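Just so you know, the sequences run in chain order A and B. Counting in this note's numbering, the first sequence runs from 1 upward without gaps. Counting in this note's numbering, the second sequence runs from 1 upward without gaps.
If you are wondering where the hints come from, they were derived from the structure by calculation, not from laboratory data. Small disclaimer: the values here were computed from a predicted structure and weren't measured. Ideal Cβ positions, reconstructed from N, Cα and C, are used throughout, including at glycine. Some clues are possibly wrong.
Rough simulated footprint, nothing fancy, chain A against chain B, three-plus residues with beta-carbon under 8 Å [unchecked claim]:
# : region
1 : 230 to 240
2 : 601 to 608
3 : 662 to 669
4 : 717 to 728
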Amino acid sequence: MAGVEWVAPSTEDEALRYFSSDPPSAVVPIAGGTDLLLDLEAGRVGPRRLVSLSRLPWRELEWAPNALRIGSTRPLADIQADPRVRQAVPGLIEAILAVGGPALRHRATLGGNLARAAPASDVIPLLLAVGASVELVGADGHRTVPVDQFVRASRETALRPGELIRRIVLPVPRPSAYRWHRVRPVNDISHVAVGGSFDPGTSEWTVAIGGVPPRPQVERDRTLGARPSDAAIETFARAVAERVPLRGDLRASEGYRRRVVAILVARTIRAVAMADQIGSDRGSAA
Amino acid sequence: MSYSVRPDALEKLTGQVLYGVDVERPGMWWGALVPSPAAAGRLVAIDASAVADEEAVVVTAADLPRLLPNGSGDPERPIFPSTAVRYRGEPVAAVAAPTLERARAAAARVRVRLDAEAPVEDLDRLFPDWPSPETMRDHPLVNGHVLARFGPVDRAFRTADELFQETYRTSGVHQVPLEPHACVADATGSVWHVTTSTQTPFGCREDTASLLGIPESSLVVEGSWVGGAFGSKGSALLEPYALVLSRASGRPVRLALSYAEEFQLGRTTLPSVLRLETALRNGRVVGRRARLLLDTGASLPGGDFTLGYAAGFLLGPYGAPALEIEGYAIRTHKPPFGPHRAPFIPQVAFAIESHLTHLAAHLGEDPIRLRRATVWTEGQTTTLGQRVGPFGLDRCLERAAEVVRAWRVDLPAGHGVGTGAGFWSTGAGAGGEARVVLTPTAVEVEQSEREIGSGSVLRGVAAVVERVLGLPPSHVVVRYQDTASGPFDSGVFGSRTVAALGQAAEKASRRLLTVLQERAGLRSTPRLAVADGRIVLEAPGTSAPVETLFTDSERRAGRLVVDGRHYGRAEGGIDPSRAVVGEFHPFTDFTAAAHVAEVEVDRELGAVRVVRYHAIHDVGTLIDRRTATAQVEGGVAMGLGEALTEEMLWRDDGRLENPGLLDYRLMTITDVPPIEVEFVEGFRGAGPFGAKGLGEIPIVPVPATIAAAIHDALGRPLFELPMTPERIARALAERTVDRPPVGRGAPA
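Working from the sequences, and respecting the hints, build out all of it.
Structure follows, in C-alpha cells:
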C-alpha cells in the first residue's frame, strides 16, 4: 500500500476529473473504506491514487413526496439515528444495525455498500426489498438505476468507468423488516439475511435473500395480501427456501442455510405484517 | 469512592508502551519467514535464485553450521526442516532485508520444491471406529500413551446393568493475543540479545539457547511489553529465526508475525475426541472410564508429561469406586500443540461435566446434588491417588445451587439455566526470586516477569508486598529486569505469578521488616507507612524515616536491598499403583470454580444468547479484589468464545481456512453478558496468605456451564465444541443422535 496518493476533493466536478484523467484501475474512490481497506492490505487492488469522497457535500438526508433521498457518503450511524427514517422505512434501520459494530457504522456508507457489492452486504437485500434506486453521476451527467439492476453479481455493479454513486432513493413510507442469521450476533457476516417489504399500493410483497450467489435473490408475491395467515406465510417461505440458489461454505452448510432462509423469510413477513418493526442489534433472536 | 487503578493503565491507554513490534534498534533490518507450501512431504530444494533484492539475506538449514558457533543447533528440534516438512506454513527458510516490504517480497520469491504427501489432519478420518489397543500399539502416528487405573474397573463394567456412554468432540482454539509474536534480535556481538514479547524471559532464553545450541550465558532475553499471551508466548517461537537472521545479515533484525501468520503458526489447543463411560448398577455409579484421542499436531511438547497432566482431569474432581483413564496423543500435520490458558482443560471439563449433567437427567437427579455426592474434599484422593489439599468446590457448588434456585424463579420460556464446575492445579511449584528495594520514598520490587495483561505482576505481586509492609499502592512499584540483571523467575504460566513469585516477594518483604526490626532494636515486627512523602518505620512508640536505619553504604546508594526466593513443590505425589502406562504428574494446588449461566435459545435457528452469568471461585485468600474480579470476567469472556464460536478450521490439505478474526470469532463486548463474580475464601492455597492462582481456572468451567444451560433450555444434549447455531439446530432436528461407533456422541 506504500506510495498511494490520497486526495480529498471537495466538489463533484473536481472528484469526477480524477476519474476521467486516469485509467480505471489506477484510481479508486474511497468512502468509509471499511471493505476496501481489506483489499488494499491484501494487495487485491493496487491503485496509484485513492480519491476520498468524504469531503464532498454528499451526505444529505432529504424528504421528497413519497421518497427519501440519502447522500451516498452519509455514515450509516447518521441514518440509524434519525427517528423519521425508522418510522418511514423501519427495515433500513434494522439492516443498518446488522452492519458490523458501532465503530464501523460511523465510517461505513450506503454508497460504499452498493459500490463494493459485497455478497454479504446487509443493506443491499433491504434496498432490493423496498425497491430503492441509485442515482449515479459521471462525466456524461446523471442517471438513475434501480438497485435490482445496479447490483449484478458479487462484486459486480452497473457502474461505468468514472461513474460515482451520488445518492440512494427509497420509496416511502414502506413497511419493511430485516432479519439475519450469523454465528456471532455483532461484528460478524450474515450467513443468510432477508429484507422484506409490503407495498400497500400494489399489495405486493417483496423479499430479498442475502448470502446467496451470485447476488441477493428477489422474490415477489401478490397472493399473500396485507394480513397473511401463518399457513400462507410458511408455504411461501418454504417455497422460497427451496428455489434460492445456496451454497455451503466454512460458515454454514447448504442444508442449514436453506432451513434458515425458510425461517427468516417467515419471520420477516410476520414482522412487516404485524408492524412489529423495532430494530435491534440482536435481529436473529427477535 | 477510591480504588486502585492498574499502574500500567495510563501508559497503555496513551500508547506509550513499547510492545514487541514497536521496539527498534539502530540499523535494524526486517525478517520474514518462508512457509512450507504443503503440510507433508519431503523437501527437494529451496531455491533463492529468484530473489531479485541484492541486499536480502536468505537463511536455510544448510546455512546454520556457518552461522551457529556449535553447528546446527538442537538435532532433535531443528528450526528449519532439512528433509521432511511437518505442517503447512512450517518455516523452511527465513529472509532479512532493510524493510518489511522488501523482506516479504524476497520471501515470496524463494521457491520451495518438495515431494508433497497426503497429510493427516482429521482424527475422525484417521480412526472411523474407536481404535482398539492392538491398533494403537504400533501405530506410527501415536505420539504418547497414558493409562491409569484404580479399583475393580473391569468387574464394575462387566457386572453393570447399564452403561452410560457418550463421545465428545472439541475443536482447535487459538489464544488470539491482540499483539502477534514479535521480537528484535541482535547477534552481531559475542553476547546475543533479543527483546521479545514473552511471558517467560528465562524460559525463552533456555529454549532459544537450546534450539541454537549455544550456552544460556551468551544470550540475554529482555521482555518487551506484552499485548496478551494466554500461554502462547512461553517458549521460543521467533527468537531463534531472528537471531540467525541477525547473524547472517550482521544487523539487528526485527521479526514479527502478521495476524494470518499468528494463526497459521499458532501452537495451541488442538482437536480431541473424548469418550466417557459410566457403569451403573441399580442406578448407582460403580465405575467410570475416560478415553482420549488428542490431536497433537507435529509434536506434543513435553510428550507424555502433557498428556499425563491432562489425563488427571479427564474424570473431573469426582470420585468413583473404580475408574480408568487412557489417553493417546496422535501426531497430525498441524503446528505443534501448545499451551493455551488451562491447556485443553476447558475442553475436558466440557466433556466430563456434560456427561454428569446428562447422567443426572437420565437418573432423574438434580445435577448439582449428583456432583456434590462425589466431589473431592480435603483429605480424599484424586483420580491418580494424590491426597487432595484444601478444596472449596463443594462450597462453590452449594452456592451455585442457591443461584440456580433464585434464577429459576420467573425464568422466561425458551431460557435455560445450567451449572458447570472445574478445577485446576497451579504452577506454584515452579521457582522464582524477587528483590525488594527500600528507598527513602518508595519500595521497588525488582523481578523478571512481564505483565501480560492480567494484572498479576503489577497489581498482584505489588498487593502482596503492600499487605506485608503496610504500604499503600502509590508507594510500591514493580520493576522489570532482563535475564542478565534480574533475579531468576520461571515466568508467567500455570497461574503461578501471585502464588509463586508472590511468595518470593512476600518472603523478601518479611525479611525487610526483620532487618529493620533488628536495626531499630524493636521487640515486635514493625510496619511501614508514608509520612510527608517519605517511608517511615512504625512500631508502638516509634516512627522514624527508614533511611535513618540505612548503613552508610546503603545511604550512599539510596537503597536497602533484600531478596526472597520461592522454590516450591507439589504436596505429596500420585499413587504409583494407579499409573499403569506413561508419565503422570501431581498437582501443586487445588483451585476450583462453579459457574452458572442463563441462556436464551432460538429453537428454530439454534442461536444462543447468554443472558447472565455467575462465577463462584475458591481463591484461598483474596489478594486484590478488583484484579481478581477482572481476571474472572476475562476468563469467562474467553471461555464463552470456546463454548459458542471459536474454532480453527483445517482443510484436508492442512490449510487453515480461517486465519483471521473475521471467521475465527472471538466474543465481543456486546456478546458478553453481565458477569457476577463471587469468591469463596478459607480453603487456603500454597500462595502468600493462603492465596491460590487465578489465571486459568476462570476459563475452565465455561463451555460446560453454557452446555448445561442449553441442555436445560432444549432438553437436548450437545456433544461438540463450539456449540454453534448450526450444531444446535442439528441436535434439535435429529431424532436419534446415534452415529456409531465413534458417533456424534450418542449414548450407546
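These are the hints, each one checked on the structure:
1. 230 to 240: violated (count 0)
2. 601 to 608: holds (count 4)
3. 662 to 669: holds (count 5)
4. 717 to 728: holds (count 3)
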